[in-house]
Amino acid sequence: MTPPRLPRVLLRLAAPAHDRAVIVGDLDEEFRARAARSTAGARGWYWRQALASIPSALRLRADRAAPLGDIGGDVRLALRTLRRQPGFAAAAILTMGLGAGITTGVVSIVETVLVRPLPYANDARVYVVYESDGFRRGGGFSWADFVDLSSVRSFSALAAFNGGSRTLTGFGAAERLPATYVTPRFFTVLGVTPAARRRSWTRRRSAGPCVRRRRDPR
Amino acid sequence: MGRGDYLGEFEQVVLLAVARLDDDAYGMRIREEIETRAGRRASIGAVYATLERLVSKGYARETDLPGGSERSGLARRFYAVTPAGRTALEDARELQARMWAGLKLKTDRRKP
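These protein sequences, in sequence, are chains A and B. Residues 12 to 229 in my numbering are what the first sequence lists, from first letter to last. Residues 179 to 290 in my numbering are what the second sequence lists, from first letter to last.
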């Protein structure tokens with residue numbers, strides 16, 4: 012025995028997807044039980060049930076479509092559960108805390124390394140140039156090559172640098188400090204102003220590489 | 179019981195039907211239990227809307243199981259009363275008992 016098709020279709024349309032099968036299944040099951048006694052009575056009963064259920068099914072659909080509609084009830088339920096199960100509460104809070112901390116750390120690193128612009132005025136125009144030949148890939152320049160490259164007009168300015176460290180003496184105990192050797196136009200290329208500048212830089216420009224101690228930014 | 183945690187009248191009826199049916203509490207049986215025991219007509223849609231509220235309040239939990247050929251293979255959703263639901267039912271019964279204690283309703287003495 013098959014239930015009446017039209018009320019069944021109407022109820023299926025009204026009910027939310029999450030409840031559609033169970034609601035219609037219940038009606039079908041009771042319909043078959045009633046149809047064993049009286050087919051006409053079962054059909055009439057099915058029609059009445061389906062039509063009377065449509066308003067509730069539509070309300071149910073609206074409730075399910077608005078998950079934040081009862082957020083107050085959700086918060087109360089969460090607080091009640093946490094109060095009654097302190098172990099679960101501690102584990103949940105610890106998990107959320109770790110998750111938030113790790114996420115914040117990863118986002119901070121990605122933002123600093125990949126997203127945030129470099130702190131130079133010319134950050135969009137500054138490039139690092141490497142030299143490659145048959146033996147080396149991505150190596151630094153010799154001074155002679157740098158001088159040759161400086162005459163190429165493709166670059167508006169060119170500067171060289173080399174990392175290292177130097178020992179500071181004459182101010183109490185000797186101290187090993189990080190230092191970077193740069194050519195005179197280094198700060199011009201970056202578009203930044205150094206905290207201190209030695210006056211003899213420009214005069215020594217043609218004599219070869221210039222060495223400048225970098226101060227800690229304290 | 180906090181504000182908003184109370185059981186509505188029909189919610190109580192449905193939750194009590196779930197508790198009475200125990201392992202056999204699914205939509206059709208709950209609706210039948212309400213009709214036969216409470217003498218109230220209820221549509222299957224209204225029963226499910228109420229059950230959904232009870233689940234969202236934490237008073238009942240639901241489990242879907244596959245259905246047989248008697249229901250076209252459609253799933254059955256079984257319900258059970260949670261500890262919070264039992265507490266809410268007992269609170270509602272105690273509230274009613276306190277309000278009824280020692281009360282005798284007076285007949286209307288006004289003449290028509």
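Just to be clear, a hint being listed does not mean it is correct.
[Said to hold, decoys possible] Simulated restraints on C-beta separations:
id	chain 1	residue 1	chain 2	residue 2	range
1	B	Glu-240	A	Leu-125	42 to 50 Å
2	A	Thr-13	B	Leu-283	48 to 56 Å
3	A	Ala-102	B	Gly-186	29 to 37 Å
4	A	Leu-90	B	Ala-253	26 to 34 Å
5	B	Leu-273	A	Gly-116	48 to 56 Å
6	A	Gly-116	B	Leu-243	41 to 49 Å
In case anyone wonders, no lab produced these hints; they're calculated from the structure. A virtual CB, placed ideally from N, CA and C, is assigned to each residue, including glycine.
Exercise. Quick check: which numbered hints come out false for this structure?
Worked result: Those not satisfied: there are none.
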